[in-house]
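Residue numbering for the sequence shown follows the working numbering, beginning at 3 and increasing consecutively.
These aren't lab readings, by the way, just hints derived from the structure by calculation.
What you are looking at is a predicted structure, and each value in this text was computed from that prediction instead of being measured.
Backbone N, C-alpha and C fix where the C-beta goes; we use that ideal spot for every residue, glycine too.
Just to be clear, a hint being listed does not mean it is correct.
With a straight-line cut-off of 30 Å between C-alpha atoms, the simulated BS3-like cross-links for lysine-lysine are [to be verified]:
(1) Lys202 - Lys66
(2) Lys4 - Lys156
(3) Lys18 - Lys4
(4) Lys204 - Lys53
(5) Lys233 - Lys18
(6) Lys201 - Lys4
(7) Lys199 - Lys53
(8) Lys66 - Lys108
(9) Lys203 - Lys66
(10) Lys156 - Lys204
Label pairs and their calculated CB-CB ranges [unchecked claim]:
(11) Lys53 - Met213: 26 to 36 Å
(12) Thr170 - Ala16: 27 to 37 Å
(13) Met213 - Asp128: 39 to 49 Å
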Amino acid sequence: MKILVGVKRVVDYAVKVRVQNNTVDLKNIKMSLNPFCEIAIEEAVRLKEQKVADEVVAMTIGPKQATETLRTALAMGADRAIHITTDLRTDYMELQPFAVSQIFQKIVEEENSDLVLLGKQGIDSDCGQTGPMLAGLLGWPQVTFAANIETDGKSMTVERETDSGTETIKISQLPAVVTCDLRLNEPRYATLPNIMKAKKKKVDTRAAEDMGIDLAPRNQVLEVYEPPPRKEGIMVENMDELIDKLKNEAGVIA
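Turn these sequences into a full structure, and let the hints steer you where they fit.
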């Protein structure tokens, strides 16, 4: 079984973003592997360690700096990588999920992948659309928000997160597309020897603009703004004062 894993370069989750000129300022800001994509890589590597998968291929779309993201995936255990290069912003401002899904579709068909693992969403755009769109384009079954995956390489049982708990989905025949949620696993740290080995692993590079896909955004972002600052809290002397303020000022209790 060949697994293709999508990985995305995003603003590091610990960074406080700045808004300038009606967009998120990406200059001199720390970028890292999207946390949900990291979970997808970990799951793919575990399936290979269980002898269920034969090869794990990591793929990303982005500028030349996104090679660092691929090297992280390779250091975690991916066998090789594919870098689709573009200078378009990938945080929904320019390159959007439909075009991304079409690029993935071409690579999946070329690679003859049996399973596509993606993060449930990128923490920059929070769209969560690439996985479902890709499954639709391929005509494959899909499971989103995976919390547990069991497969023998031919069929698959996936427990997925829902608003009211979890549900279990049975895919009787691969191929399939699965998006990974937070509780699926805890990603490993790449060891120094594996980081060194990753530098020698193969990374195929091709330009997104040469793939015959319309990369123009379907939607236009009209405004980007920072959330309003949080109001300063107040101290109360006792429970009676707290209840009075909640009832008469905040209006949250009757």
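Verification of the hints:
Taken as a hint, the Lys202 and Lys66 pair is honoured in the structure, with Cα atoms around 17 Å apart against an allowance of 30 Å. Distance restraint check for Lys4 and Lys156: the Cα-Cα separation of roughly 11 Å lies within the 30 Å cut-off, and the hinted pair is therefore satisfied. Proposed proximity of Lys18 and Lys4 is contradicted: the alpha carbons are some 37 Å apart, above 30 Å. At most 30 Å may separate the alpha-carbon atoms for a hinted pair to count; Lys204 and Lys53 meet this at roughly 22 Å.
Straight-line distance between C-alpha atoms of Lys233 and Lys18 comes to about 18 Å, which keeps the hinted pair within the 30 Å bound. For the hint linking Lys201 to Lys4, the alpha-carbon distance of about 22 Å falls within 30 Å, and the restraint holds. A hinted pair counts as satisfied when its Cα atoms are at most 30 Å apart, and Lys199 with Lys53 qualifies at roughly 21 Å. A hinted pair counts as satisfied when its Cα atoms are at most 30 Å apart, and Lys66 with Lys108 qualifies at roughly 20 Å.
A C-alpha spacing of about 17 Å is found between Lys203 and Lys66, which places the hinted pair at or below 30 Å, so the restraint holds. For the hint pairing Lys156 with Lys204, the CA-to-CA distance comes to about 27 Å; that is within 30 Å, so the pair holds. Remark: the range hint 26 to 36 Å for Lys53 to Met213 is upheld by a beta-carbon distance near 34 Å. A hinted range of 27 to 37 Å for the beta carbons of Thr170 and Ala16 is consistent with their spacing of about 34 Å.
The given range of 39 to 49 Å is broken by Met213 and Asp128, whose C-beta atoms sit roughly 26 Å from each other.
Checked against the numbered hints given earlier, the structure breaks hints 3 and 13 and satisfies all the rest.
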